[in-house]
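Sequences listed follow chains G and W, in order.
Heads up: the first sequence begins at 16 in our numbering, then just goes up one per residue.
Heads up: the second sequence begins at 1083 in our numbering, then just goes up one per residue.
It should be emphasised that the hints constitute simulated quantities derived from the structure, not laboratory data.
Just so you know, even glycine gets a beta-carbon here, dropped at the ideal spot from N, CA and C.
Errors might be hidden in some of the hints.
[Unchecked claim] Reference listing, derived: stretches of chain G covered by chain W, where coverage requires no fewer than 3 residues with Cβ under 8 Å from a Cβ of chain W:
| no. | segment |
| --- | --- |
| 1 | 307-315 |
| 2 | 363-376 |
| 3 | 480-486 |
| 4 | 514-521 |
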Amino acid sequence: MKKSLLSLSLLFSMWSFAVVVSGNVPLFKPMSAPTEAKAPETNKVKKAANKAVLHTTAKVNAAAFTLDPATYPLGKDSQWSYLDNGTSLDAVAWKVASYDNTAWASGAAPLGYGDAQNTLISFGPDSGNKYITSYFTRDINIDLANVAEFVDFGLKRDDGAVVYVNGVEVFRDNMPTGAVTYLTNAASTINDADENRYYVHQVPKTAFTQGVNRIAVEIHNRDGQSSDLKFDMYIQDAFDSSLVVNCDEEHLGCFTSINPTAQTPNLIIPQEHRFQLMFKEGDAYTDGSGTVPGLHDFCAYLPVDGSSKEGRLAVNHENNPGGVSIVNLHLDTAQSLWSLDTSEKVDLYNTALVTTNRNCSGGITHWGTSITAEEATAAGDVNGDGYQDVGWLVEIDPVTAAVKDYGNGQEKLWAMGRMNHENVVVAADNKTCYYGEDGGTHCVYKFVADTAGDLTSGTVYVLKLNLGLSNDEPNSSTAEWIQVPNTTQADRNNLNTVAGTLGGTNFNGVEDCDISPIDGKIYFAAKGRNRVYRFKDNGTTASEFETFVGGMSYPIETATGTVSEPWGDGNDNLTFDDKGNLWMLQDGGLNYIWVVRPDHVQSAPKVLLHSSMPAGAEPTGLTFTPDFKYGFFSVQHPNGSNTPQTDATGAEVSINSSSIVVFSLAKDLGANAPMADFLADDLTVNTNQVVTFTDLSTNTPTSWLWTFEGGTPATSTAAAPTVTYATAGTYNVTLVASNTTGSSEAVTKSDYIVVEQTAGVDGVTGLNNVTLYPNPTKGNITVELNEEAGQKVVVEVYDFLGRKVYNTENQTTGAGQKIELNLANLMGDQVFFIKLNVGDKSGSYKLVKN
Amino acid sequence: MKTKISIALCLLAAMAQAQNANPIKEPVYGSVATALAAPKPATQLNLRDQGVFHLPEQLGTLQQLHFLNLMGNNLEVLEDDVFKLKQLEVLTVKLNALRYLPKSIGNLNKLINFDATDNSIAYIPSEIGKLTKLRFLHLSYNAITALPTTIGNCKALEVLAVDNNQLSFLPQEISKLKKLKNFNLSYNQFNEFDAQWTKFPALEELNIEFNHIKELPQSIGDLKSLKSVFFNNNRLAALPDGFTNLANLQLLSLANNNIKEMPRNIGKLAELRTLILTGNPVTPAEKQRLKQELPNCKIYF
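Using the sequences provided together with the hints, build the complete structure.
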């Protein structure tokens, strides 16, 4: 009965559409007695309707019933031709493009019966003996040049399937091995969420031919008494390299997963990371207004002038009375530690605002404010302004630590509606916001502001999945946005109730919405469904709705091997980093922070386990500094008995009341041994020329150990040593820098110093420790002869061509053992050679004049 | 006019301080121990989500408390200590495991705001009628089958939320609540809309969604202050003509009833901006008429 009603409603909607599209002549005669409709007739009607949908100018002929070839890739919910009349095609070559399937019906996937579907197909006249096999085909036009080496076939099948490309079987799923006939049952029964999951099979590109390919699928029921059957399939490139996070470079999101664990009395984070504890419940506010309340929740880092070293935290307190703290802080770069400068409460208790309650998560705007979400809707209008006192989003200016005033005094964001607010994310257009309700309607909402950067007026929509959810999995990938009235105070006070009445989909605890910087899709956590869903917003509709992560176990690669860990319940706050990693904070399960790579798919998981909260605590409200080096989150309601551990300050801290944690790669937080680095003032020098080395090591070294291959001295412990090289060649330099924390790795720069034999007339013959400076020179040069005190010296200067251009005789070096020369009058900028003769010793030295 | 408003706001400001904890004005303590150690007598105490099964010792000695939040614990009984706190103005016991309210609740006669949402309360004692200063009473998501007749003595009540209970009738005395502004009866077992419920001159919001109401009295039009009405998911076949006397009505939800036609003079609802009629067998001709009669109203069919 249910089925026939569905068929009829489908029939009528298709009929009216067909008439509209074809314009003048109905494609077929209206049925005088619709109640007489039988399954085969229904299919005929659908054929005609689909034809009308697909062709703007209707042609009333048999060929027009076929679907035009799709263009690769093929999405979910696409159109398929199907044969559902109980005919066996065992003896028919139906899987190749030459087979004429123009008599087949067609409709949008998912196709099937017994559950929600876009196209209802027939199981035959006997519900106790249903057809075992239904056939589906779709032609796809493929340009092989634009297809990846491997192609994903994402198959939703209830129960079993065999899939062919151009007549060749490419895979089967939940089917027995060996020959398959029309009467072969699926291997096993598919139930619950598995009925709606897509099972991905990779097929090599070589399975396709250039041009039109026929994709053919036979779906087999488990037996003739099965209550349902379902089919959909998408086909797309298997691998999108643009989504892969490159961990060759250091990044906060590149770490080794911790080992799965029940909660312990300590915070556990990856070996590559460190944390610093701050702003603990019971700490004094610096403005003298008392102590920090507990139940820290959302934690927004709001940079000062875009800085990743100076900013403000807006910290929610999920309490009654609720509240928001503003904390000014900066990175002490000498110590690599965050330093709290001032802290105060936001006044949310004045006449205009009355109070705030259960400040849960929130959001950050691109114009530098934070938004706190009141997850409470107890009625009451104490100040008589017509708006109920709680159940709103509230925008806070962190600079003034006051609620934003858009010209009407301080007010909550009435136009976004009253509900059990949980969070909000603002899109890059500064107009579009996505948010969800945790409680009440459990819907996903969209607000589009009238004016960018001003959330006090705009339009609200609620998300409605076209086919809803079954066992927490979407029945199709499409949805629509239904406008929810929000013009009057009555509308705004009751916005969630109305949205639920208008058909918004209940996602059972929408905890957070966020937007991926990689694909632009909207991701949201549905706590009661233990899943993070995602979708693409198309304005008035949404598409590509699917489960991104959750509802299953994942392989976690830890330092000691790969282990399977269930996603568990309680997925809550979501935050993306700049690489597109999704950080999920869990309120439930084992209270982990998880990280999901942007190229994660349920069939090829890429899930990491970042941290385990100390006993009794859940993590909340993660945000990052703009450079994504530091993450801040709250540790909410840890046990009072948690035990001490060392944080990045080197102190023993106990996470035994609600606190803020900042974490980063170890190198960026707290005392670290130096990372050695250095520079020489000249990399190519003459023999005996002085080279000065400069230490560039990080983390404030206090001692140094240099090794100068071929140099004098051969080692040094100076901060800025000077070295000479007596012999031409290329030499390594090595530095180990140390501070109180430890020593760096030895850094060797190979072949770093190139020492050239002094070119000239006859080279060095016994003169040592001679230096000329400056070199290059404008004209004046000083010649130092450190071992030849009191001797007479002959100085000859030769030009580039070996012509003597200057000479002095019987110069004495004096007490300073120096001779001053002025070559300013010599022609041009060129290389000169200076020859020194001292007794029976001589030497030539290259000099550059410019 | 503006002056009047600001004077009113100033008065309200003074009142507002009393009905909600103000952590800026006075400290809100997080434990009895810290409250007892405070330099001045503690007035505000928040013991939310502490997982306790019994009230902490010495709670009853905090005689100056006017705000106490016990939300999210495991209390099965409200023990006597809490009723010693005679200065209490705000008491929240939301999200516990209470099965009844003790008679001693009547001792807390300074209560302005009492929230016992999300418990398993089946019984409300008649002593609730002693709470003559009570303005906000939240009893949603319990198992209440009846309210005592003395509820009518809580004459300061502005908000009465008894949604998501098992109520099928209310005492006649309910009509004595002349200050009632917000009345939530949704998700109960009401089969009839009692004519006594039309005697709330201040009522601005009435929510009876998800009940089994079949008809409304003509006198519903007496609720002159009504701005929002939720009758969706009931069994209404029509609205009485008197309904169109609700001159201030802005939002009307009638979704999922059995309404074919709206009252003839529906156009009198000049302030109506949102009308929800989805899930009703409204004829195309009636839809057309409604659009013409209510040009300023967004109508959902």
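Each hint tested on the structure:
1. Here the segment 307-315 of chain G counts 3 residues with a CB under 8 Å from a CB of chain W, which clears the bar of 3, and the coverage holds.
2. A stretch counts as covered by a chain when three or more of its residues have a beta carbon under 8 Å from one of that chain; for the segment 363-376 of chain G and chain W the count is 5, and the coverage holds.
3. Check on the segment 480-486 of chain G: 0 of its residues sit with their Cβ under 8 Å from a Cβ of chain W, so the three-residue criterion for coverage is violated.
4. For a cut-off of 8 Å, the count of residues in the segment 514-521 of chain G with a CB near a CB of chain W stands at 3, and the three-residue condition holds.
Figure legend: structure checked against the earlier numbered hints; the only hint not met is number 3.
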